[in-house]
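*Asks:* Take the sequence shown: its position 163, counting from 1, is numbered 163 in this note's numbering, and each next residue is one higher.
Honestly, I wouldn't trust all of these hints.
[Claimed, not checked] Okay, the calculated beta carbon distance ranges per label pair:
id	residue 1	residue 2	range
1	LYS77	CYS214	44 to 54 Å
2	PRO202	SER65	28 to 38 Å
3	LYS220	ARG105	52 to 62 Å
Derived by calculation from the structure, the hints in this document are not laboratory data.
Ideal placement from N, C-alpha and C gives every residue a C-beta, glycine not left out.
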Amino acid sequence: MEIKIFLNSSNLEEILEYKESNEIKGYITSPSLMKESGVKNYMEFALQLSSEVPKDKHVSFGVISDDFEEMERQARKITSISENFYAKIPITNTKGEPSYDLVKRLGDDGVKVNVTAITTTSQLNQLGPFLNETTPSVVSYLAGTVSDTGEAPISTVLNAYSIFRDNKSVEFLWEGCRQVYNIYEANSVGCNIILVPPSLLPKLKLKGKNLTECSLDAVKTSYEEGMTANYSL
């Protein structure tokens, strides 16, 4: 597959497990995952990753402000830590005000951004002109959330190519991988990156497995579970 797999994790043990893996090309963290993983100090964790993760792997850290001026300060601080660090910038703040001007200022100054929380083609169209053509950036589309609403994300993904095809510095990311098939789906429509939770990684080994064997495995698992439960009829 051509698509790059990024790990959605803030667990240091999980991250370091894959730091030398050719399978995982990057990591995307979030304040909620950091808190869940027991991270106490934001900057200490970021500095630790900068020293442990190879420089050829992408690392995204999110800003934690709703004010664009403060977002800018934080984004510059995040990306100054390491050359492979990107600052996650939401497409709007909580008031629904777009972050396009901020994205442009950062990109024009060589600050790498990962623009997140995108759900519509309209947002992609409006964002396009603000992305710098020489500074690398990532556009993260909430494909999982879109599919949860009953809408098919594929059409928006395909529309993205007409929007960003002339900007070779932009990579398009499928966020919200619910099942392994989403990886193959995202790859088939040309997404550059997919964000995958650690729980799905072992299932990648199932690719090409004989389906009759899968059926027999399911029967064996069901039988073993029944025996372990010690039920009687």
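*Asks:* For each hint, tell me whether it holds in the structure or not.
*Replies:* Here is how each hint holds up against the structure:
The hinted range of 44 to 54 Å is satisfied by LYS77 and CYS214, whose Cβ atoms lie roughly 48 Å apart. Taking the beta carbon of each, PRO202 and SER65 are about 37 Å apart, inside 28 to 38 Å as hinted. Between LYS220 and ARG105 the beta carbons are some 58 Å apart, a value that agrees with the proposed interval 52 to 62 Å.
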